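J.: Sequence:
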Amino acid sequence: MTQIILGKTGLKVEKNGFGALPIQRATFDETKEIVQKAYANGINFYDTARAYTDSEEKLNYAFEGFNEKYPRESIIIASKTQGENRKDIEKDIKVSLDNLGTDYIDLYQIHNPSFCPTEGDGSGAYDALFDLLDEGIIRHIGFTSHKAELAEEAIDSGLYETIQFPFSYLTGQKELAIVEKARAKNLGFIAMKAMSGGLIGSSKAAYAYINSFDNVVPIWGVQRMSELDEFLS
Numbered sequence: 004m005t006q007i008i009l010g011k012t013g014l015k016v017e018k019n020g021f022g023a024l025p026i027q028r029a030t031f032d033e034t035k036e037i038v039q040k041a042y043a044n045g046i047n048f049y050d051t052a053r054a055y056t057d058s059e060e061k062l063n064y065a066f067e068g069f070n071e072k073y074p075r076e077s078i079i080i081a082s083k084t085q086g087e088n089r090k091d092i093e094k095d096i097k098v099s100l101d102n103l104g105t106d107y108i109d110l111y112q113i114h115n116p117s118f119c120p121t122e123g124d125g126s127g128a129y130d131a132l133f134d135l136l137d138e139g140i141i142r143h144i145g146f147t148s149h150k151a152e153l154a155e156e157a158i159d160s161g162l163y164e165t166i167q168f169p170f171s172y173l174t175g176q177k178e179l180a181i182v183e184k185a186r187a188k189n190l191g192f193i194a195m196k197a198m199s200g201g202l203i204g205s206s207k208a209a210y211a212y213i214n215s216f217d218n219v220v221p222i223w224g225v226q227r228m229s230e231l232d233e234f235l236s
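Residue numbers (the working numbering): 4 to 236.
I should point out that these hints are in silico values taken from the structure, not numbers from a laboratory. As the structure is a prediction and not an experimental result, all values here were calculated from the model. There's no promise every hint is true.
Derived pair list, reagent style SDA-like, types lysine to any residue, alpha-carbon separation capped at 20 Å [stated by the list, open to error]:
hint, residue 1, residue 2
1, Lys15, Ser215
2, Lys40, Tyr64
3, Lys150, Gly175
4, Lys94, Ser77
The task is simple: from the sequences and hints, build the whole structure.
T.: Quick look at the structure:
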């Protein structure tokens, strides 16, 4: 397994991350088997979200509440909030911490917002994130979007440490430009939809393309053991 530094976060992550959206469709015990095998094979970055129904709870269950076998400090957890104001963000973080069975989240991301929150913009969203960072409840702040304009705005703001954006070998110059802008600004780039939402039939081709970028960490959505085995191979 190859590890890289996730931009200015300084987090050392395995080059391929675990996307925990699809485990909503797996049972708790199925998830436990899949996640524990992923961890045993070196995957240390797990991306979930408050909006992913029971995904956070299933990660907690899979890691057995974090113990000597699955020490919390060895696992990098990224979660997300859809909150666009202080009240909703503070509500979400409390639920996520409880669901995950932890007292901190390594990377907390604004989840596909309608605008790019900034300091003192009146929404209170970024200020709430910064306060959580200051209190040690979250360790790093990230931004996720499906819109290139918002992704670029977040990168240019200098306020975020990572950007999560759709990226695969079917994407074009606009997406490539965002990858390169993130590199220039030392933001960690997390690639969602690396299989282009199922449009790419070959996981080997998708894997090879994504891994040709040394600053990109794809999060592979996995809900079956056979899918994990395919990526591990």
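J.: Run every hint past the structure and note whether it holds.
T.: To see whether the hints hold, each was checked on the structure:
Taking the CA atoms of Lys15 and Ser215, the gap is about 18 Å. The hint holds against a cut of 20 Å. At roughly 14 Å between alpha-carbon atoms, Lys40 and Tyr64 fall within 20 Å of each other, so this suggested pair holds. Distance restraint check for Lys150 and Gly175: the Cα-Cα separation of roughly 14 Å lies within the 20 Å cut-off, and the hinted pair is therefore satisfied. Distance restraint check for Lys94 and Ser77: the Cα-Cα separation of roughly 27 Å exceeds the 20 Å cut-off, and the hinted pair is therefore not satisfied.
Against the hints set out earlier in the document, a violation occurs for number 4 only.
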